[in-house]
Amino acid sequence: MTEKNMAQQNNNKRKRIWSLIKNLPAYHARKSFLQALASSEVVLVVGETGCGKTTQLPQQALDVGYRSIVTTQPRRVAAISVAERVCLERGVTLGSQIGYVVRFDDKTSSETQLRYVTDGVLLREAITDPDLSRYDLIFVDEAHERSLQTDIVLGVVKRALTNRRGSLKVVVMSAFLDTDKFRSFFSSFDLSILEMEGRLYPIDIFYIKTPVEDYVEAAVVACLQIHFEESFPGDILVFLTGQEEIESAARMIKERFDNYCSYLEKNFLPCSENKHTTLYHPLRVYPLFAAMSPDAQRAALKPCRNQFRKAILATNIAETSITIPGIKYVVDCGFSKQRVVSSMKCLDALRVSPISQAQALQRAGRAGRECPGKCFRLYTKDDFDKLSIHPVPEILVSDLVSVTLQLMAMGMENPFKLELLDNPRTESFQYALEVLLSIGALDSSMKLNAIGKQMAFFPLSPMLSRSLLESITLNCSSSMLALCSILSTESVFQLSSQIRESAFQAWNKFISSLGDHFTLLQVFQSYLSIPEHERIQWCKEHYLNYRSLATANNIYCQLSQLLQQQKYSSSFMSHLYEEESEQDRLGRCLVAGFFRQSVRIGSNCQLYTLFEPLQVDIHPSSVLHRRLSSKEEGYLIYHELIWTTKPYIRTVMRVKEEWLLQHGGNCFQLES
DNA sequence: GAGCACTGC
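Here the UniProt record's numbering is used: the first sequence runs in plain steps of one and ends on residue 672.
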């Protein structure tokens, strides 16, 4: 028999094993899952939220003798809460047989056989163990969300399957799956597909008859209509796109509801409490978005015991991240803010764009978790049909510098070759390689060098990693650790229009004339000097975001530990620039990581980026905004470039020309 | 003088 024939026969054998098991009730699912697992290398499980796939299937695998199982989740909270639930179901202590690992929190031990992890954690493990050899079974959950990390995990897992034929099995789980895509992605393996029945209650979906111009107005009307016409109890969840929309909708609902109530009371109702409550129930409005304080978020989630009806106005944080009890009605505006691909490199732009059908289903599903519900879509059925079925995979619109470094650290010399569900444009990878080369992570043959390996070791952006490594050489790593930590977190300055004056006054003492980097460092170092139990109060007094600072502190501790593990030899350190101030040395380190993001100050404070021919402005939130004198010359570096009404640079600092010359990766030379 | 959807190591 020829080789070709043998290959063909093997292929046929695989095809025959492939099976499709449709809509299994839960009691059948158990048997079928174990059969599928026994006969295939890859199992795709499709099932809505609540079908028990995440909690039940890994336990079944445990019961039939798999001894090292991992289940990945895109989000921390999910990994933690699922692990806790499974432990409760089995009556075992968290961290013994079953545990979880998320950043800053490892609840596993040597006896742990089933671990729930975020996919970022698994990718980090893959750097030291690219074939994931410590696991015999890997579950990848929420694959339909197509997050950057999940897509990369799927690529790495497929590679491990190929390298470890026979000793590894994979289960991909999702709510609604592009089955064909996943089937062809895993076509070289024995594959089973399992569909499990969800436990969602039926949801009636209503469309608007004619398109609306202003969906915020439409959402307000819909919300009030539901309140007055639909049965009580049952809370309302309204999906809008951002803080501004949510706040104005909240104002409008409150206003109109109050007006209507006083109109009713004046004209129809005697002032009797009883009659009052039988004719209409009170309505309370709660905003919900990520930037809110945890206290305010909790208020929106607190059950109201049917004393009034809640209307929660949320961003897509309520789509996946936060589950709100008591929701019976969903209003969906059909839009969300999404990152859009930009022709310009390293430029973020958010735009309000139509959601996908999958997202619309997800939003509607929020109405049927506890009882039959209703979903009111503020768009026509025609418009729904025109929506794309699946969301744009994140990998197609993301910056790949970090991911490329990680893949190379796993030993892939050519990350282009990793098989992925959707391949990013070649330019994205090429750009990533170009960046890595220029900041010194690659040698001239484009292979990862010692510095690059070190950079991948830290959970930081490659540019920050580069700055951190430079700071070891220049003997200022302790302050750089703090700077890296605070630069890795979201904004610490809490903006609110009412308290602007007093907030600016409170921030004044932190401000550094060099720019935002040292201002932030000043804030963080002051925060660290405050006793722990006084920190929350201190943040309140200074209008600072406690959550961000606490996260920065966690990162700071993690980075310090990692740095200690590394034990850099003294040959790594130099005595260069010893006579300079620490600030100057820190500046040099930042330039070593971020010189690609440098800007020349031209006449009249016109700013031009040096790597892309682009004129930019300093964002009004920067301490250097309007602080450059009209005759000032020189250079700046920035941490972020964002496109809103025009290109803005955010988190900006002044740098010296000689720093660019000496730490700019040989990209600069003096004009003759 | 403008405005930051959401995750993650």
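By construction, these hints were calculated from the structure, which means they are not laboratory data.
Remember, predicted model here, so these are calculated numbers, not experimental data.
A couple of the hints might just be wrong.
In silico SDA-like pairs for lysine to any residue, Cα to Cα no more than 25 Å straight-line [stated by the list, open to error]:
id, residue 1, residue 2
1, Lys646, Arg596
2, Lys337, Phe206
3, Lys631, Gly665
4, Lys567, Tyr546
5, Lys656, His625
6, Lys31, Gly91
7, Lys417, Arg165
8, Lys646, Gly634
9, Lys386, Glu319
10, Lys453, Ser438
11, Lys31, Tyr66
12, Lys453, Arg134
13, Lys181, Gly91
14, Lys181, Phe206
15, Lys381, Phe176
16, Lys417, Asp180
17, Lys302, Ser248
18, Lys540, Thr551
19, Lys158, Arg425
20, Lys158, Ser248
21, Lys417, Leu437
22, Lys181, Glu394
23, Lys509, His625
24, Lys181, Lys509
25, Lys656, Thr473
26, Lys567, Glu582
27, Lys31, Val64
28, Lys158, Tyr201
29, Lys181, Gly155
30, Lys158, Gln338
31, Lys567, Phe104
32, Lys646, Gly665
33, Lys181, Leu396
34, Lys567, Gln35
35, Lys646, Gln338
| task | Hints the structure violates: just list their numbers, smallest first. | result | As far as the earlier hints go, 3, 4, 13, 14, 20, 24, 28, 30, 32, 34 are violated by this structure, in ascending order.
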